[in-house]
Amino acid sequence: QKEVEQNSGPLSVPEGAIASLNCTYSDRGSQSFFWYRQYSGKSPELIMSIYSNGDKEDGRFTAQLNKASQYVSLLIRDSQPSDSATYLCALGGGATNKLIFGTGTLLAVQP
Amino acid sequence: DTEVTQTPKHLVMGMTNKKSLKCEQHMGHRAMYWYKQKAKKPPELMFVYSYEKLSINESVPSRFSPECPNSSLLNLHLHALQPEDSALYLCASSPPRGGSMDTQYFGPGTRLTVL
Numbered sequence: 535q536k537e538v539e540q541n542s543g544p545l546s547v548p549e550g551a552i553a554s555l556n557c558t559y560s561d562r563g564s565q566s567f568f569w570y571r572q573y574s575g576k577s578p579e580l581i582m583s584i585y586s587n588g589d590k591e592d593g594r595f596t597a598q599l600n601k602a603s604q605y606v607s608l609l610i611r612d613s614q615p616s617d618s619a620t621y622l623c624a625l626g627g628g629a630t631n632k633l634i635f636g637t638g639t640l641l642a643v644q645p
Numbered sequence: 204d205t206e207v208t209q210t211p212k213h214l215v216m217g218m219t220n221k222k223s224l225k226c227e228q229h230m231g232h233r234a235m236y237w238y239k240q241k242a243k244k245p246p247e248l249m250f251v252y253s254y255e256k257l258s259i260n261e262s263v264p265s266r267f268s269p270e271c272p273n274s275s276l277l278n279l280h281l282h283a284l285q286p287e288d289s290a291l292y293l294c295a296s297s298p299p300r301g302g303s304m305d306t307q308y309f310g311p312g313t314r315l316t317v318l
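If you read the protein sequences in the order shown, they are chains A and B.
Under this note's numbering, residue 645 is the last one in the first sequence; the count climbs by one each step, no gaps.
Under this note's numbering, residue 318 is the last one in the second sequence; the count climbs by one each step, no gaps.
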């Protein structure tokens, strides 16, 4: 059974700082890794997908994948209060790309 | 465009009612998913349709009945629900990638309350 672990938080960072969100997983065969952002009462919104070791940058967001150490992280630069949300790490793969979600990390950006 | 639409946005039903949730995408995605999400929990997979065939049923009670009339539409029929079934019901879809499916995109969800 795949497992995905995240610190539930809350992770509190001041506005303008770098927020670092981490996720570890148990299944070495995992192929696809995703970060979703979810505001309270809303649906998950895809932030990043990453498939290969290394860094992937998109605007203020950088996803980092290290398959040898079985972790994936999300860095948010210049954090804004509007970034305050729950961030879900998810692993996928296989014919249907069934997602295994972590429990999510609540990020609070303080103005 | 990565839009998945869901109707209705909100639904209140009694335990003896029959209702349906609807999900639609016009992106050519070939997998569609139903999830249930309770407060402060991650989404929990219920069903997966791949190329319009049911490929995963996560031991969901029979009072939930999925239907995939075509590649763009996914329905979830509800009957004799219990108050503990109150939750946010999410639909997602994903495009094919190689021999499998790629990133899932979620719709806005239907907030269901069972009285």
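Keep in mind the hints are simulated off the structure, nothing from the lab.
Built from N, CA and C at the ideal position, the CB exists for glycine as well.
There could be a bad hint or two in this list.
Here are a few chain B residues that face chain A, going by a calculated C-beta distance under 7 Å [stated by the list, open to error]:
(1) M249
(2) V251
(3) V263
(4) C271
(5) P272
(6) S274
(7) S289
(8) G301
(9) S303
(10) T306
(11) P311
(12) G312
(13) T316
List time: in silico EDC-like cross-link candidates among lysine to aspartate or glutamate, alpha-carbon distance up to 16 Å [as the list claims (entries may be wrong)]:
(14) B/K244 - A/E539
(15) B/K244 - A/D592
(16) B/K221 - B/D288
(17) A/K632 - B/E261
(18) B/K239 - B/E287
Structure-based check of all given hints:
Hint on B/M249 is violated. Least Cβ distance to chain A is approximately 12 Å, over the 7 Å limit. Using the Cβ-Cβ criterion of 7 Å, the hint placing B/V251 at the interface with chain A is satisfied: the shortest such distance is roughly 5 Å. Against a cut-off of 7 Å between C-beta atoms, the interface hint on B/V263 is violated, since the closest Cβ of chain A lies about 14 Å away. The criterion of a C-beta within 7 Å of any C-beta in chain A is not met by B/C271, whose closest approach is roughly 13 Å, and the hint is violated.
For B/P272, the interface hint is violated, the least distance from its beta-carbon to any beta-carbon of chain A being 19 Å, above 7 Å. Because the closest C-beta pair between B/S274 and chain A is about 15 Å apart, greater than 7 Å, the hint is violated. Here the hint on B/S289 is broken, as its CB sits about 14 Å from the closest CB of chain A, past 7 Å. Hint on B/G301 is violated. Least Cβ distance to chain A is approximately 10 Å, over the 7 Å limit.
For B/S303, the shortest C-beta to C-beta distance to chain A is roughly 5 Å, which falls under 7 Å, so the interface hint holds. For B/T306, the interface hint holds, since its Cβ comes within 7 Å of a Cβ in chain A; the closest pair sits about 5 Å apart. With a cut of 7 Å, the hint placing B/P311 at the interface with chain A holds, because the nearest CB-to-CB distance is about 5 Å. With its C-beta approaching chain A no nearer than about 5 Å, B/G312 sits inside the 7 Å limit, and its interface hint holds.
For B/T316, the interface hint is violated, since its Cβ never comes within 7 Å of a Cβ in chain A; the closest pair sits about 13 Å apart. With a CA separation close to 13 Å, the supplied pair B/K244 and A/E539 stays within the 16 Å bound. Taking the CA atoms of B/K244 and A/D592, the gap is near 27 Å; set against the 16 Å cutoff, the hint is violated. Annotation: proposed proximity of B/K221 to B/D288 holds, straight-line Cα distance about 14 Å (limit 16 Å).
For a cut-off of 16 Å, the pair hint linking A/K632 to B/E261 stands: about 11 Å separates their Cα positions. Taking the CA atoms of B/K239 and B/E287, the gap is about 12 Å. The hint holds against a cut of 16 Å.
Of the numbered hints listed earlier, those contradicted by the structure are 1, 3, 4, 5, 6, 7, 8, 13, 15.
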